[in-house]
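With the sequences and hints as input, model every part of the structure.
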Amino acid sequence: MKRFLCLVIFTLAAVGVSAQTPRAHSVEDFFKRGVIRYDKGDLDGAFADFNHAIELAESLSPGAAAANHLGIINPEASAIYYNRAVVRYDRRDDAGALADLNEALARDPRYVMAWIKRGNLHLNREAYDEAIRAYDRAIQLDARNTLAWNNRGLAKQNKGDAEGAYADYDRALALNPRLPVALNNRAGIKHDRGDLKGALADYDKAIALDATLAFVFSNRGVTRKKLGDLRGALADYNQAIKLRPNFSHAYFNRSAVWKALGKGFEAEADFNRSLTLRDNPATQLEPALERVKAEQP
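Each number in this note's numbering comes from the position in the sequence shown (counting from 1) with 182 added on.
Treat the hints as calculated values from the structure; they're not laboratory data.
Careful, some of the hints might be misleading.
To be verified - Computed spacing ranges between beta-carbons, pair by pair:
id	residue 1	residue 2	range
1	Asp343	Arg460	23 to 33 Å
2	Leu409	Asn233	47 to 57 Å
3	Gly376	Asp226	45 to 55 Å
4	Asp290	Lys441	48 to 58 Å
5	Ala277	Arg375	31 to 41 Å
6	Pro291	Asn233	15 to 25 Å
7	Ala356	Asn233	34 to 44 Å
8	Asp224	Asp276	19 to 29 Å
Please read all numbers here as calculations on a predicted model, not as lab measurements.
Here a beta-carbon is modelled for each residue, glycine too, at the ideal position from N, C-alpha and C.
Rendered as structure tokens:
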């Protein structure tokens, strides 16, 4: 049995932060503090601040000057709803996250990152058709968005459309050849097709680009074992576990190598440990929150 991990990715929004001191109790003030709290891991505090920001923003017309001298509303409500959706997503509140993403898209139907985030939400629910539709929309809006291509490939792969997934990974890599996650995902399909050397080449490239991704080492170990390189596979699983000491898939995979090497005791120990662990690298890299755009002089 082999276990692969594929990865869904996001990128940072290209935004800046105003150098001016935020106005006390303004939409921007709550928004900025929510971002700071999120960055510090304070999801409850970030949620409360984005709630306050939404309450203020919804009391004003987007882009209009406030009568109480709050100034131009920056950011607009769509970005705040998106950020609150990210917080809810991280709190495993899928229904709330979806509701906020829908609100963000109702205000800005061309909000590419919100479409991608909604696609990931459906992907997590194994609602692959809905995920693909969301990624389709993102690609229609921005055909050069590597996130949408890669993530749609993962949705297609999970649905059983390996050919469609491979084409999407290829497209993502044509746009950005230095994308470790797409290399990892494409390698898994190559492995399943029997192109083990091609899979190994993709894993090697991914590791050369980023040697901190434990799941890539674990996946490369699967291919190395299939090629008969048991020592190489063992080294990869060891490195995966070094990077993530509670990585259950890596222990499961390493147990098979120990067994092939005639190390029954070690094989049983790793297999048993894999059953008790729940830590696997997240299969998605989520984006940082939207930041306040710099105000025009």
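Consistency of the hints with the structure:
no.	hint	result
1	Asp343 to Arg460: 23 to 33 Å	holds, 29 Å
2	Leu409 to Asn233: 47 to 57 Å	holds, 54 Å
3	Gly376 to Asp226: 45 to 55 Å	holds, 49 Å
4	Asp290 to Lys441: 48 to 58 Å	holds, 54 Å
5	Ala277 to Arg375: 31 to 41 Å	holds, 38 Å
6	Pro291 to Asn233: 15 to 25 Å	holds, 24 Å
7	Ala356 to Asn233: 34 to 44 Å	holds, 42 Å
8	Asp224 to Asp276: 19 to 29 Å	holds, 21 Å
Of the numbered hints given earlier, the model fails none.
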